[in-house]
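Line by line, the protein sequences give chains A and B.
In this note's numbering, each number is its position in the first sequence, counted from 1, plus 1252.
In this note's numbering, each number is its position in the second sequence, counted from 1, plus 25.
If you are wondering where the hints come from, they were derived from the structure by calculation, not from laboratory data.
Treat the hints with care, as some may be off.
[What the hints assert, rightly or not] Some chain B residues near chain A, calculated using beta-carbon distances under 8 Å:
1. H38
2. R43
3. I61
[Stated by the list, open to error] Which bits of chain A does chain B cover? Going by a derived footprint, with three or more residues having C-beta under 8 Å, they are:
4. 1446-1453
5. 1461-1467
The C-beta atom is built at its ideal place from N, Cα and C for all residues, glycine as well.
Read off the chains here:
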Amino acid sequence: MSWGAHQFEIYAVQAHLPRRMRGRVSFFGVWLGDFTPDFLSKFWVYGVTIGGTRYGAGLPHQWHRGWPGMGVTHTLFFGLLVSGGLWLWRRKRALTVGYALGFAAHALTDVNDSVGTMLLFPFSTMNWTTETWSYAATVSGGKYLDAAAYYSSLGLVMDLLWLGVVLRSWRVLTRDYWRTQIVPPDPHGWARLGRLMPERALLALYHATFFYGVCRVVSCAAGPRRRPSRRLPAGPVVDRPVVDRRAVAPPRATDDRPTAGRAAARARLRRGQPPVGTDGRRRGGGRSQGAVTHVCGVPVAGGGRGRPGGPGGRRTRPPGSPTVGRTRDPWPSRSGGSPGQDRGVPPGARPRPRRHPWSALRGHGSHTREPKGLESETHDLILAAVKPRHRPVVARP
Amino acid sequence: VADERAKVVRLDHLGSRRLSAREVALCYGLAGASYITLSIFHKWLLNWFIGPLWLVTFVWAGPALVDRVRRRSRP
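Bound-form chain A, shown alone (with noise of 0.2 Å):
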């Protein structure tokens, strides 16, 4: 998801209509056609915490952009009908195609993160994504992991790349473009507003999207290196690495031993050594993978890789058993012990190979089967770096 650049884009899309449209698009439906899919979806992607209960969306990124969802507020078809609605209540050219366009470009600018939209929706479910930067709306995480995630990453990109299109037709922001290009197609709504507000704090309503804009920019970006609130890490969160394909990689990564311990357990990887633990025991069941122990310092719950209940780690139970809640195996088809044993492969068969989930991620191979299982916190970090791979990846040379 895009934070700061949905803000700006209002702007931009305003500033850069063609010619013969200047004057004839109402701000008013640029900016609900904007803010629609994230009104309509996002409340309980992060949900809401009462007495203690957690309600919301128990995988936010298919609640938020899958099918079944409400990824569906996030296509160009219900963009259209909605724009169509509106036409239909209002008889109004200017809020219906500021509406549709509103609402284009945030469908079209979410397509950048790692799990992307339904473009071709309803012909096709598949998420069109880019892939610059991760989503990162987790349960646990929340708001403000998913900030952080956004902020070290392209996505803090992203948010300049628009301020700076915004900036560059800094005219849009006048007095005088507001007087003869935005209030015209919406007489009506800005007459009504200035019967209660003096023009200064109209002209501050126009601007007050751009304003939060930047300053959203601006404290998200600054904000944790300054001073870390209670739910963000200490220290900078530029430099960590968040829920991407790295959230999988080797140790360093997101390994939360002391300096002394990954230093040690570099040099025993040197070696051809298995790593160990700074309690002396060794991490992984063989191959050296980094345990998905922290995300941008934010402790996450569920084994990660190398650890008890995590692929590659020690098995805490026989196989087979039943699992419960988060010591779950969540990829047993890959996890220590007999490859394919869980799927029930005849004795005798030759197993399938063991995959790494970065294969797909480099190509090597295809990671086609989803994992079952997926209650852990760890899984849905793991899962919303994999899963976008199974998808059509556009605009990649």
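Got chain A; can you put chain B on it based on the hints?
Positioned in the frame of chain A, the structure of chain B alone reads:
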């Protein structure tokens, strides 16, 4: 006539004073600085509703308050 016209230009449709460019910059700057500073420490302030309202309140109420204080402080 020139004074009348100047007075009309300085007032908007509700009779409120139009701000000079410097005043506008000051209002927006103060609003931005205060909002960013506070929202760094209190993330809940980064809100769709509070953010825009913050600016509108600063620009709307700020100059009005300053004018009122100035009027009162005049002998």
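Results of checking the hints against the structure:
| no. | hint | in the structure |
| --- | --- | --- |
| 1 | H38 | holds (6 Å) |
| 2 | R43 | holds (7 Å) |
| 3 | I61 | holds (5 Å) |
| 4 | 1446-1453 | holds (count 6) |
| 5 | 1461-1467 | holds (count 5) |
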